[in-house]
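Using the sequences plus the hints, can you model the full thing?
Residue numbers (the numbering used here): 287 to 696.
FYI, nobody ran anything at the bench for these hints, they're computed from the structure.
It is possible that some hints are incorrect.
[As the list claims (entries may be wrong)] Each computed EDC-like pair below joins lysine to aspartate or glutamate, with the alpha-carbon atoms no more than 20 Å apart:
id, residue 1, residue 2
1, LYS389, ASP343
2, LYS693, ASP412
3, LYS672, GLU633
4, LYS693, ASP510
5, LYS630, GLU665
6, LYS623, GLU663
7, LYS630, GLU663
8, LYS693, ASP576
9, LYS342, ASP361
10, LYS623, GLU421
11, LYS628, ASP576
12, LYS527, GLU555
13, LYS524, ASP534
14, LYS672, GLU496
15, LYS431, GLU555
[To be verified] Simulated restraints, written as ranges between beta carbons of each label pair:
id, residue 1, residue 2, range
16, ALA667, GLY516, 35 to 45 Å
17, ASN435, ASN288, 45 to 55 Å
18, SER491, PRO434, 48 to 58 Å
19, GLY516, GLN540, 20 to 30 Å
20, ASN587, GLU328, 25 to 35 Å
21, PRO349, GLU503, 42 to 52 Å
22, ASN658, ILE577, 38 to 48 Å
23, ASP534, GLU503, 46 to 56 Å
24, ARG490, ARG329, 37 to 47 Å
The structure displayed is predicted, hence computed values, not measured ones.
Even for Gly, the Cβ is constructed at its ideal location relative to N, Cα and C.
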Amino acid sequence: MNLSNYQTDYLFLLMGENPLPNAVAALTLLKSGGTPILIHTERTAAQAQYLTQVLKDFSSLQPARCVDLGKGQADASAIQQTIGKIAQSLAGRIGMNYTGGTKVMSVHAYRAVESVQPRAVFSYLDSNTLEMTLEQAGQASLRVKVSPNLSLNQLFRLHGLSWQDDRPPLNAPMLPEAAGAIAHFHQSPDLAQAWRNWCNRQLRSVAKNEYSRWRSEAELAGLDPIDLTGLPEVMIAKVMKPYLGGRDGFLPLQTAQQQGFRDLTQVCEWLDGTWLEHHVLFQIQQVASDIGIHDSRVSFNIRDPQKPHQSWAKFEFDVAFMHHYQLFALSCTTTDKRSLCKQKLMEASVRARQLGGAEARVGLVCCHHNPNSLRSELEVATRNQKIAVFGRLDLMNLGGCIAKWVKQNG
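Set out below in structure tokens:
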């Protein structure tokens, strides 16, 4: 279907807690050169400002106009008078998307526009089907799949979140071949445990301080090479020697850093478990072009205005990608312990829904031996039938598994 028949010169957007549906509506329902009109209350003023800034990225649109209803979100007279007056003054085709805003606000805004612009195009974004419902006076409603592209950066900015300029999320995995080799070994519970034991006994014991934090760069640089005792010879031969510069039973951290890591802390983090995140990112990028994934990243360090006491907080999910405007977030853990796996996914689920709304999908990559059982339990706990859990035996075919998940939910 040709959406241009329903695009308008002006589009009223009712702001809710999540600006994402409004962004989607603006990008699909406005003509080139069209103007979004953001109707917000005192409570959603910040969301209107975030959306205004993101829409500036799209040169085809005019700058957004913000209309403040103050505390009048339930005041029928104020809503109808304010919106009706604006709608009546506009020359050109008018539309209104009522996905956001309260039910009361939607009803009164709808009536206000309809009373002065009876041929206005009204619309609603269905988060379950990812379809835009379009209605027009005297005609049957139409449902159209919409798929504008938003980047992860734009999605975060819609919520007033930002990441460090000098440490943005990475869009290229670190040492993907080495990460793949470690993932291969983690299909074996015994080898996975051997790697964890080595991290705890050899790496952490010298590279972490008394507060269980990685030592400073200067302190890490002064450490002796890390003893590889306890690692099976096959792991030394297939990972430590060819990819990280291990030799004579030891791993010099500086030599490992020279393989492409930003600093020594990143080397330690990667060895201690973030290798899995980089393996996941690599697997996603192998199938990205086939299934419409256009932005994928790892390692999110975010400034959250809700947590001002934290300078830079590690986000609750580890890997994320965008399928058009739909967020897919993955939490990664090398554990096989059921309780820890559940905790990781529950945290990621809350944050993913906050950012991506009901359209967001969340998954877990772990080393559990029975991911189907774990998924069933988590579906009940999260009241979400569209989560995904990938376990130990999925590690080497994650790309295919993730592609299937996206096709079922995108």
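Consistency of the hints with the structure:
1. Simply put, LYS389 and ASP343 have alpha-carbon atoms about 30 Å apart, too far for the 20 Å limit, and the pair is violated.
2. Between LYS693 and ASP412 the alpha-carbon distance is near 18 Å, which keeps this suggested pair within the 20 Å criterion.
3. In summary, the hint linking LYS672 to GLU633 is supported, as the alpha carbons are separated by about 16 Å, within the 20 Å threshold.
4. Of the pairs offered as hints, the one joining LYS693 and ASP510 is violated, with about 49 Å between alpha carbons and a cut-off of 20 Å exceeded.
5. Note on LYS630 and GLU665: the hinted pairing holds, with a Cα-Cα distance of about 14 Å set against a maximum of 20 Å.
6. In summary, the hint linking LYS623 to GLU663 is supported, as the alpha carbons are separated by about 14 Å, within the 20 Å threshold.
7. Under the criterion of a C-alpha separation no larger than 20 Å, the hint pairing LYS630 with GLU663 is consistent with the structure, at around 14 Å.
8. Straight-line distance between C-alpha atoms of LYS693 and ASP576 comes to about 10 Å, which keeps the hinted pair within the 20 Å bound.
9. Between LYS342 and ASP361 the CA atoms are separated by roughly 31 Å; this puts the pair beyond 20 Å, and the hint is violated.
10. At most 20 Å may separate the alpha-carbon atoms for a hinted pair to count; LYS623 and GLU421 exceed this at roughly 50 Å.
11. Between the alpha carbons of LYS628 and ASP576 the distance comes to roughly 31 Å, so the proposed pair goes past 20 Å and is violated.
12. Distance restraint check for LYS527 and GLU555: the Cα-Cα separation of roughly 18 Å lies within the 20 Å cut-off, and the hinted pair is therefore satisfied.
13. Taking the CA atoms of LYS524 and ASP534, the gap is about 14 Å. The hint holds against a cut of 20 Å.
14. Between LYS672 and GLU496, the direct Cα distance comes to roughly 41 Å. Violation of the 20 Å bound is thereby established for this hinted pair.
15. Taking the CA atoms of LYS431 and GLU555, the gap is about 41 Å. The hint is violated against a cut of 20 Å.
16. Between ALA667 and GLY516 the Cβ separation comes to about 36 Å, which falls inside the hinted range of 35 to 45 Å.
17. Separated by about 19 Å at the C-beta atoms, ASN435 and ASN288 break the suggested range of 45 to 55 Å.
18. Taken as a hint, the range 48 to 58 Å holds for the pair SER491 and PRO434, whose Cβ atoms sit roughly 50 Å apart.
19. Distance hint check: the CB atoms of GLY516 and GLN540 are about 22 Å apart, consistent with the given range 20 to 30 Å.
20. Judged by the Cβ atoms, the range 25 to 35 Å given for ASN587 and GLU328 holds: they are separated by roughly 32 Å.
21. Our hint of 42 to 52 Å for PRO349 and GLU503 holds, since their Cβ atoms are close to 44 Å apart.
22. The given range of 38 to 48 Å is broken by ASN658 and ILE577, whose C-beta atoms sit roughly 23 Å from each other.
23. A hinted range of 46 to 56 Å is violated for the C-beta pair ASP534 and GLU503, which are about 25 Å apart.
24. The hint said 37 to 47 Å for the Cβ distance between ARG490 and ARG329, and at roughly 46 Å that hint holds.
Violated hints, listed in ascending order, are 1, 4, 9, 10, 11, 14, 15, 17, 22, 23; each of the other numbered hints is respected by the structure.
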